[in-house]
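J.: Start from the sequences and build out the full structure, keeping to the hints where you can.
2 protein chains.
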Amino acid sequence: MREQSQYLEIIQDSIKKISYPPHPKGLFEPIQYILQLGGKRIRPVLTLMSASLYQEDITDSIAPALGLEIFHNFTLLHDDLMDKAEMRRGKPTVHIKWDNNTAILSGDAMQIMAYQFVGRTPASVLPQVMELFSQTALEICEGQQYDMEFEKRDDVTIVEYLEMIRLKTAVLLGCALKMGAIIAGAPDSDAKLLYDFGENIGLAFQLKDDLLDVYGNPDLFGKNIGGDIYNNKKTYLLITALNQANESESQILRDWISKTDFDPQSKLKAVTALYDETGAKASCEEKMEYYFKLAMEALDKVDLDENRKSALRLLAKELMYREN
Amino acid sequence: MREQSQYLEIIQDSIKKISYPPHPKGLFEPIQYILQLGGKRIRPVLTLMSASLYQEDITDSIAPALGLEIFHNFTLLHDDLMDKAEMRRGKPTVHIKWDNNTAILSGDAMQIMAYQFVGRTPASVLPQVMELFSQTALEICEGQQYDMEFEKRDDVTIVEYLEMIRLKTAVLLGCALKMGAIIAGAPDSDAKLLYDFGENIGLAFQLKDDLLDVYGNPDLFGKNIGGDIYNNKKTYLLITALNQANESESQILRDWISKTDFDPQSKLKAVTALYDETGAKASCEEKMEYYFKLAMEALDKVDLDENRKSALRLLAKELMYREN
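Protein chains in written order, with our numbering: chain A, -1 to 322; chain B, -1 to 322.
Don't take each hint at face value.
A pair counts as met if it fits within one copy or between any two copies, since identical chains are not told apart.
DSS-like mimics (lysine-lysine), calculated; alpha carbons at most 25 Å apart, straight line [said to hold, decoys possible]:
| id | residue 1 | residue 2 |
| --- | --- | --- |
| 1 | K232 | K23 |
| 2 | K231 | K23 |
| 3 | K82 | K23 |
| 4 | K89 | K14 |
| 5 | K221 | K232 |
| 6 | K95 | K150 |
| 7 | K150 | K23 |
| 8 | K23 | K95 |
| 9 | K257 | K150 |
| 10 | K257 | K23 |
| 11 | K95 | K82 |
| 12 | K265 | K82 |
| 13 | K206 | K95 |
| 14 | K232 | K299 |
| 15 | K38 | K221 |
| 16 | K190 | K231 |
| 17 | K307 | K232 |
| 18 | K82 | K190 |
| 19 | K291 | K315 |
Hint data in this document are derived by calculation from the structure and do not stem from the laboratory.
All values reported here derive from a predicted model rather than from experimental measurement.
T.: Pasting the structure below:
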């Protein structure tokens, strides 16, 4: 079994080698741009790691793994457009660097390219892989729809929030692992357990993201700290704080939420203090640990020697205790 | 072999029976809306007709045929958004009835649904069908990109225009026919000839569309006559008129194009007269007949009894001599 960094290298190399049709440039340049902005490449790495549990030669999984990374970047491209986000990984987003129509159409083309790469799965498992991928892709759209609807609602519950991040983020990690397992000929029961492992890691990963956005180290975190707080984004922290606040805490929190003109640092400081005092931070950390534990339990049940599973266990820990 | 109308009925029934996830409504209602706006359903009908050339039972082709219709409607949804079109088939477009983000995300979900339906192709031919479909889908994006780029250019040539409509419109008709043929086990040579038949019919079909937009009977044509002329849309007619005009005709045509404030009926009348006088109309009709002839020649070569091919021949003629 290779090291995680070697899988990453395979993916980075393969992304560089993607050949784009030469014309029209206006369609394919934005795709190349967003795919080369970087990122952790977690999804395709998970696919390769999962496949390597069952097969020495993971060549068959590389194209489908790339398909998942292309699909993930397509969702970022269209989500940034819908959210009017101007920056992504320190660079202008596609609809800013080009324009809205370019973002729409290049995104559409990326979705097709994602299917082209997933479609290079060996024929014997193609129907199963296609069904898994389409199901997952549709769930991700559902997650984004809920995310947008939640922006306009004041009564989003924790259960609804968790279902939203499950759809928007977690299922693709589950899919990545299951896809590698299917392609490499894993037993169905293992493929399902690896899906559960990925889905729970995905939930923990997103809760970690919510925490980092508030409590991250500004020197290490890729984005500015406090973005969610400035935008009143309904994260696990905000929903829980509103639920658990006493009357006076609730009043202060609602005042900050309703202010349109505020000093960012003061708001960040005040809301962070409320996340601490109401126990929202502790609750979010607890929930994150809970999903991490569920993930580990799923991995425990995968019918392989413990030493084969250690790389996945390590990656999961790194994702949980990351600083960016 | 069934009549064309029976294939249409199968498709209409199947569209009605598509089951959508119950939630989130905001994602799936717009999809249901656009799929039920109607339309000729030419693409899925072509798939079924093509399959029926080689198989009595065309059940295997129904889901993939629906996938093509869903994909076609997805392109209409996103194209209408990019073109800021407010009406489609006499009803408000999705971004008008809902909003831009809904149009983006529901469109994305439709593209996935299209792949889900195409993915229900029998496993034995799934890799081939997936490759054909993805290749075609990407070409359609390329066609839309060229269409948008041409709006900003003044030097679009007839060759470029024909390549644009080939990509944007014709390849999907070719794909529809070839897909049915592949699924029904046609010889490769026939599948290719049926693609050529569809592609050439598609080119003739689009030139007919350009003609109808100017010369159509207002009582029969679904849209308002003259839309292309009011918007200076670079159609075969306009490009040819500019190429073939003498100095004074060219001056009049360019004057009309540059006017931002004009009486629509006067512009329609004047530009139509120029299309007649410069021979642009005759040239467009000639080109349309040329592609129709190429289509018929491809169909001639399909290795089947003439009586089996008569339904396709009839449909092609109806598309060419249609009034809407």
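J.: Evaluate each hint against the coordinates.
T.: Verification of the supplied hints:
1. K232 / K23: Intra 39 Å, inter 21 Å, cutoff 25 Å: inter-copy only.
2. K231 / K23: between (36 Å within a copy, 22 Å between copies)
3. K82 / K23: both (24 Å within a copy, 23 Å between copies)
4. K89 / K14: So K89 and K14 pass the 25 Å test inside one copy only (19 Å; across, 45 Å).
5. K221 / K232: Within. Shortest intra-copy distance 18 Å satisfies the 25 Å Cα cut-off; inter-copy 45 Å does not.
6. K95 / K150: Between. Shortest inter-copy distance 18 Å satisfies the 25 Å Cα cut-off; intra-copy 28 Å does not.
7. K150 / K23: between (38 Å within a copy, 15 Å between copies)
8. K23 / K95: within (14 Å within a copy, 33 Å between copies)
9. K257 / K150: within (16 Å within a copy, 43 Å between copies)
10. K257 / K23: neither (44 Å within a copy, 32 Å between copies)
11. K95 / K82: both (13 Å within a copy, 21 Å between copies)
12. K265 / K82: within (22 Å within a copy, 39 Å between copies)
13. K206 / K95: neither (30 Å within a copy, 38 Å between copies)
14. K232 / K299: So K232 and K299 fail the 25 Å test inside a copy (35 Å) and across (63 Å) alike.
15. K38 / K221: For K38 and K221, only the intra-copy Cα distance (14 Å) is at most 25 Å; the inter-copy one is 49 Å.
16. K190 / K231: Neither. Shortest intra-copy (33 Å) and inter-copy (53 Å) distances fail the 25 Å Cα cut-off.
17. K307 / K232: Neither: 35 Å inside a copy, 60 Å across copies.
18. K82 / K190: The answer is neither: 37 Å in one copy and 44 Å across copies each exceed 25 Å.
19. K291 / K315: Close inside one copy (11 Å), not across copies (66 Å); limit 25 Å.
The structure shown violates the earlier hints numbered 10, 13, 14, 16, 17 and 18.
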